[in-house]
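*Asks:* Here is what each chain is made of, one letter per residue.
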Amino acid sequence: MNPAAVGLGLSLGAAAVASVTALVCPDRVRPLLVGLLAAVSGAAGVVAGVAGMAGHRLAVTLPDLLPLFGIRLVLDPLGGLFMAAVGGVAVAAAVFGIGYTSPQGRGGSGLHRRAFQVVYPLFVAAMLLVPAAASIGTFLVCWELMAVTSLLLVLAEHRRRPAVAQAGLWYAVMTHLGMVAILVGLVLFAAHAPGGSFAALRDAAGELSPLVRGVVFVATLIGFASKSGVVPLHVWLPRAHPEAPSHVSALMSAAMVNLGVYGIVRVGFDLLGVGSRWWWVLVLTLGAVSAVYGILQAAMSTDLKRLLGYSTTENMGLVLVGVGAAGMFAAAGNQVLAGLAMAAALLHVVNHAAFKTLLFLSAGSVLHATGTRDLDELGGLRARMPATTLLFGLGALAASALPLGAAFVSEWLLLQGLIHGVAAGGVAFAVTMPVAVAAVALTAGLAVASFVKAFGVGFLARPRSAAAENATESGPTMIGAMGLAGAACVALALAPTVLVPALAPVVGAAGPLLDSPAAQGALTLRLVAVAGSLSPLLLAAALLVAALAVVLLLRFVADRRTRRQARLWDCGAGPLSARMEYTATSFAEPLQRVFDDVLAPELDVDVTHVQESRYLVDSVEYRARVPDRIERRLYQPVLRLVDAWGQAGRGLANGSVHRYLGYGFYTLVGLLVLLAVTR
Amino acid sequence: MTGVLVAALQVVVVAGGSPLLVGAMRQVRARLEGRAGPGVAQPWRDLRKLLRKEPLTPRGTTEVFRLAPVLLMATTLVVAAVVPFLTNATPLGPVADLFAVVALLSLGAVALALAGIDTGTAFGGMGASREVTIIALVEPTLLVAIFALSVRVGSTNLGDIVTSTLHDPALVISPVSLLAALAFAVAIIAETGRLPVDNPATHLELTMVHEAMVLEYAGPDLALVEWASAMRLAVFLGLLANLFAPWGIASLAGPLPVAVAVAALAGKVAVLGLALAVGEVFMAKLRLFRVPELLAGSFLLALLAVAASYFLA
Numbered sequence: 001m002n003p004a005a006v007g008l009g010l011s012l013g014a015a016a017v018a019s020v021t022a023l024v025c026p027d028r029v030r031p032l033l034v035g036l037l038a039a040v041s042g043a044a045g046v047v048a049g050v051a052g053m054a055g056h057r058l059a060v061t062l063p064d065l066l067p068l069f070g071i072r073l074v075l076d077p078l079g080g081l082f083m084a085a086v087g088g089v090a091v092a093a094a095v096f097g098i099g100y101t102s103p104q105g106r107g108g109s110g111l112h113r114r115a116f117q118v119v120y121p122l123f124v125a126a127m128l129l130v131p132a133a134a135s136i137g138t139f140l141v142c143w144e145l146m147a148v149t150s151l152l153l154v155l156a157e158h159r160r161r162p163a164v165a166q167a168g169l170w171y172a173v174m175t176h177l178g179m180v181a182i183l184v185g186l187v188l189f190a191a192h193a194p195g196g197s198f199a200a201l202r203d204a205a206g207e208l209s210p211l212v213r214g215v216v217f218v219a220t221l222i223g224f225a226s227k228s229g230v231v232p233l234h235v236w237l238p239r240a241h242p243e244a245p246s247h248v249s250a251l252m253s254a255a256m257v258n259l260g261v262y263g264i265v266r267v268g269f270d271l272l273g274v275g276s277r278w279w280w281v282l283v284l285t286l287g288a289v290s291a292v293y294g295i296l297q298a299a300m301s302t303d304l305k306r307l308l309g310y311s312t313t314e315n316m317g318l319v320l321v322g323v324g325a326a327g328m329f330a331a332a333g334n335q336v337l338a339g340l341a342m343a344a345a346l347l348h349v350v351n352h353a354a355f356k357t358l359l360f361l362s363a364g365s366v367l368h369a370t371g372t373r374d375l376d377e378l379g380g381l382r383a384r385m386p387a388t389t390l391l392f393g394l395g396a397l398a399a400s401a402l403p404l405g406a407a408f409v410s411e412w413l414l415l416q417g418l419i420h421g422v423a424a425g426g427v428a429f430a431v432t433m434p435v436a437v438a439a440v441a442l443t444a445g446l447a448v449a450s451f452v453k454a455f456g457v458g459f460l461a462r463p464r465s466a467a468a469e470n471a472t473e474s475g476p477t478m479i480g481a482m483g484l485a486g487a488a489c490v491a492l493a494l495a496p497t498v499l500v501p502a503l504a505p506v507v508g509a510a511g512p513l514l515d516s517p518a519a520q521g522a523l524t525l526r527l528v529a530v531a532g533s534l535s536p537l538l539l540a541a542a543l544l545v546a547a548l549a550v551v552l553l554l555r556f557v558a559d560r561r562t563r564r565q566a567r568l569w570d571c572g573a574g575p576l577s578a579r580m581e582y583t584a585t586s587f588a589e590p591l592q593r594v595f596d597d598v599l600a601p602e603l604d605v606d607v608t609h610v611q612e613s614r615y616l617v618d619s620v621e622y623r624a625r626v627p628d629r630i631e632r633r634l635y636q637p638v639l640r641l642v643d644a645w646g647q648a649g650r651g652l653a654n655g656s657v658h659r660y661l662g663y664g665f666y667t668l669v670g671l672l673v674l675l676a677v678t679r
Numbered sequence: 680m681t682g683v684l685v686a687a688l689q690v691v692v693v694a695g696g697s698p699l700l701v702g703a704m705r706q707v708r709a710r711l712e713g714r715a716g717p718g719v720a721q722p723w724r725d726l727r728k729l730l731r732k733e734p735l736t737p738r739g740t741t742e743v744f745r746l747a748p749v750l751l752m753a754t755t756l757v758v759a760a761v762v763p764f765l766t767n768a769t770p771l772g773p774v775a776d777l778f779a780v781v782a783l784l785s786l787g788a789v790a791l792a793l794a795g796i797d798t799g800t801a802f803g804g805m806g807a808s809r810e811v812t813i814i815a816l817v818e819p820t821l822l823v824a825i826f827a828l829s830v831r832v833g834s835t836n837l838g839d840i841v842t843s844t845l846h847d848p849a850l851v852i853s854p855v856s857l858l859a860a861l862a863f864a865v866a867i868i869a870e871t872g873r874l875p876v877d878n879p880a881t882h883l884e885l886t887m888v889h890e891a892m893v894l895e896y897a898g899p900d901l902a903l904v905e906w907a908s909a910m911r912l913a914v915f916l917g918l919l920a921n922l923f924a925p926w927g928i929a930s931l932a933g934p935l936p937v938a939v940a941v942a943a944l945a946g947k948v949a950v951l952g953l954a955l956a957v958g959e960v961f962m963a964k965l966r967l968f969r970v971p972e973l974l975a976g977s978f979l980l981a982l983l984a985v986a987a988s989y990f991l992a
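Heads up: the protein sequence lines correspond to chains A and X, in order. If you read the first sequence in the numbering used here, its first letter stands for residue 1, the second for the next number, and so on. If you read the second sequence in the numbering used here, its first letter stands for residue 680, the second for the next number, and so on.
Rather than coming from a laboratory, the hints here were simulated on the basis of the structure. Among the hints, erroneous ones may be present.
[To be verified] Label pairs and their computed distance ranges (CB to CB):
| id | chain 1 | residue 1 | chain 2 | residue 2 | range |
| --- | --- | --- | --- | --- | --- |
| 1 | A | Pro-627 | X | Arg-969 | 23 to 31 angstroms |
| 2 | A | Ala-495 | X | Val-939 | 52 to 60 angstroms |
| 3 | A | Pro-512 | X | Val-939 | 15 to 23 angstroms |
[Unchecked claim] Examples of chain X residues toward chain A, derived with CB under 7 angstroms:
| id | residue |
| --- | --- |
| 4 | Leu-726 |
| 5 | Lys-728 |
| 6 | Ala-815 |
Predicted model, so just to flag it, every value in this text is computed and none were measured. The beta carbon of each residue, even a glycine, is placed where N, CA and C say it ideally should be.
The task is simple: from the sequences and hints, build the whole structure.
*Replies:* Below you can see the structure in the form of structure tokens.
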């Protein structure tokens with residue numbers, strides 16, 4: 001029996017049952033039942049995905065289910081990887097949701113209501129289906145289902161916060177514009193192929209003219225990049241991801257964005273067969289810009305979830321740097337490096353899924369306990385929420401590309417690909433590879449700054465508000481879900497030697513121009529065909545031994561009196577208060593000054609003087625805001641134009657039915673005249 | 680087995696020698712400034728004194744504060760064992776390459792920055808914020824300089840880079856090496872908190888970076904931080920010395936080559952350290968917000984090195 005078929009069937013079945021259960025069961029047990037069934041659905045998705053990666057091919061054709069197109073599902077190793085990633089995120093998010101949406105929970109979020117709980121499993125199912133879709137019709141239906149269900153979930157808390165409605169509007173518009181771009185690209189592709197199935201497209205790709213291929217690629221790239229939150233199409237992401245309920249944020253930020261990458265790889269490598277080099281230079285450039293811009297905005301953010309959202313943009317940028325480099329190598333005929341870069345990108349997709357799930361769930365736990373996501377109001381959570389603090393710290397380590405973290409391994413692999421790429425020959429490589437390395441390097445440095453800020457200011461030191469002071473630890477399901485994601489992070493960080501060889505068939509499935517990367521060794525990640533080795537496990541062991549040695553040394557050499565509590569140095573000015581602490585804003589201020597020209601922060605200082613003398617200051621008001629500059633420069637003019645267009649159009653509509661009938665009449669006459677003249 | 684012994688010897692040499700390096704640098708500065716100076720062994724005496732003091736924990740701090748010095752020390756020890764200081768055939772070579780070494784050293788710095796925030800004082804936060812800003816800007820320079828060095832060798836493995844320089848001495852005076860060395864040197868000055876980026880001898884709140892972060896440490900914890908900082912300086916200088924002038928390093932196992940390697944390492948690091956100390960006498964600290972300009976300059980040098988590695992090859 002094919003485990004992929006069983007897994008996918010069970011997964012979809014569980015999601016459907018969860019959705020129906022949410023309709024009929026009472027409020028009290030709904031989050032529990034839906035959460036458990038959605039977790040089963042996710043776990044079955046992992047099974048199906050892993051089976052797909054292991055080579056269990058699955059092909060289902062249901063021609064009558066959808067008019068004109070029919071449903072066609074094929075699970076290959078490439079789809080399997082993304083399905084497994086989605087499934088894994090879904091398990092953690094679903095278990096977290098049991099506690100997070102429970103009606104007994106603090107604040108009464110209202111998330112236990114029917115409308116939210118019915119849609120949630122459908123979103124999971126749609127995401128699981130996208131990587132298995134094997135015809136244009138099926139793909140677009142699943143893609144749209146994913147977009148619409150996620151939109152409904154984002155809007156879940158619109159009654160509680162006005163910002164949600166605005167975020168939903170941005171998301172709805174951007175996701176549908178992206179959908180249109182994908183639709184245009186794929187339909188154009190299908191017009192030059194005998195049918196809409198991916199197999200037919202693959203066969204027809206060779207005969208396409210370079211122009212058509214280029215247009216298809218760019219159109220789909222626009223749509224997929226907007227789903228992945230790639231600059232300059234990212235504006236919806238830092239709005240919509242933070243405003244969604246936290247476990248939905250995790251699903252969107254850790255699972256849904258990956259499917260944009262999946263689309264680029266599927267269309268660019270698999271269906272179009274790599275194509276020209278400029279495509280991939282474009283992808284690499286977009287990736288490098290997104291990585292740097294995303295992390296720079298994250299370093300400035302004081303909203304915890306917004307910071308994580310921008311970090312998603314950054315990580316998707318890094319993935320695209322890998323995908324772009326892989327495409328460039330493949331186009332130049334260098335299969336080894338293409339495989340290496342692609343493996344680095346896919347490994348980063350998996351790592352990012354793990355740590356971003358953990359980070360968003362921990363942020364959700366904080367939000368649940370304190371009601372705020374503003375880092376300037378948090379702090380001191382170590383004493384009140386020890387498990388959440390530990391797990392967020394683990395996630396921050398994984399995200400900041402430091403050793404013992406998961407992202408370190410994939411970024412190391414990516415850098416290896418880029419370094420050996422210079423030797424691949426040609427000026428194009430000599431120019432792009434160093435710039436890409438510089439971008440990755442700058443990203444790594446700024447990621448450290450962002451996550452030191454998020455963890456240090458958010459969780460350590462003293463609480464900065466009453467909300468943070470009264471926080472209590474979250475319930476067992478939420479901690480358990482975070483622990484699950486945390487365990488995945490640790491496993492990925494220490495044992496990449498297990499996953500990297502398993503990526504070989506996935507990379508192979510992306511196209512014949514990519515050589516499967518082989519990495520040998522159980523303990524050491526040793527690249528084959530190019531020099532390079534790293535052993536995260538031995539490194540961790542060495543650090544542990546060194547730390548133990550230091551502790552033992554202290555035990556023997558240092559003073560053995562027990563530790564005594566002492567007062568903090570307060571310059572002799574009395575007890576320190578939380579208002580004297582550094583906040584997230586002040587922590588990021590030096591970086592903001594350094595990148596002044598890029599960020600263009602808005603600073604506003606109002607000094608009010610005492611009436612009697614202008615030398616005495618009564619009050620000073622200081623406002624600082626770091627707006628998203630791309631949004632301001634690129635989107636606001638367009639929005640203003642649309643607005644002006646709408647205003648101009650109002651004059652035409654005065655409510656009179658006669659007038660509207662008149663419009664119809666004149667248009668018809670105009671068309672007839674036009675026809676009479678031209679024919 | 681000899682490889683493991685040499686690695687252990689590297690750790691011992693770095694751990695034992697680094698306080699002397701700091702002492703020698705202070706002594707040179709003192710003499711040049713017309714003071715008598717406390718003697719080369721003073722940092723060792725300070726460490727002994729601090730280790731005997733009562734351990735103290737500031738109220739309200741968490742494990743992060745307690746564990747940071749241990750982690751800082753542990754990362755430095757691992758780096759001291761992995762980098763080819765005495766032999767270019769270290770058994771730990773495949774475990775960590777140049778990227779991993781640089782990242783490990785950043786990990787230690789990040790632990791200390793978190794400890795600074797953990798105290799909840801304005802000083803701690805200020806120091807952490809500044810340190811993290813500098814790390815964020817130094818990291819790109821270091822990685823791109825590594826890139827420049829690795830391209831010609833085709834590997835980021837430290838042993839490979841050192842061996843290739845040994846076999847082809849002309850590489851040292853190539854523009855790639857010189858530019859990369861310069862970029863590396865600036866990055867090292869920033870990373871180890873020396874003038875003109877940070878003044879290790881001051882406790883003035885307007886200027887301090889590293890000292891502000893560790894202000895709350897006392898007793899054995901402070902000893903660890905000071906010791907690890909000295910070791911980081913020694914490790915960075917040793918890395919600079921052996922990447923760009925690896926002569927004297929032992930290619931063969933055996934007591935004599937290793938003894939020569941120890942002497943050569945000590946000599947090279949001492950020369951670099953003294954040059955740094957002499958330079959510091961004639962230099963004032965940069966304003967904090969002028970530091971990024973310096974680092975951007977070094978980043979540019981590193982990029983030039985990469986460009987040179989392709990176009991001049």
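*Asks:* Does Lys-728/X pass the interface check with chain A, least Cβ-Cβ distance below 7 angstroms?
*Replies:* Violated, because the Cβ-Cβ distance from Lys-728/X to chain A comes to roughly 11 angstroms (cut-off 7 angstroms).
*Asks:* Look at the Cβ atoms of Pro-627/A and Arg-969/X and judge whether their distance stays inside 23 to 31 angstroms.
*Replies:* 27 angstroms, holds
*Asks:* Is it true that Ala-495/A and Val-939/X lie within 52 to 60 angstroms of each other by Cβ?
*Replies:* Because 40 angstroms falls outside the window, the suggested range is violated.
*Asks:* Holds or violated: is there a CB of chain A closer than 7 angstroms to the CB of Ala-815/X?
*Replies:* 4 angstroms, holds
*Asks:* That 15 to 23 angstroms hint for Pro-512/A and Val-939/X (C-beta), does it hold up?
*Replies:* 54 angstroms, violated
*Asks:* Hint check: is the beta carbon of Leu-726/X less than 7 angstroms from a beta carbon of chain A?
*Replies:* Result: violated, 10 angstroms to nearest chain A Cβ.
Checked against the numbered hints above, the structure violates hints 2, 3, 4, 5; every other hint is satisfied.
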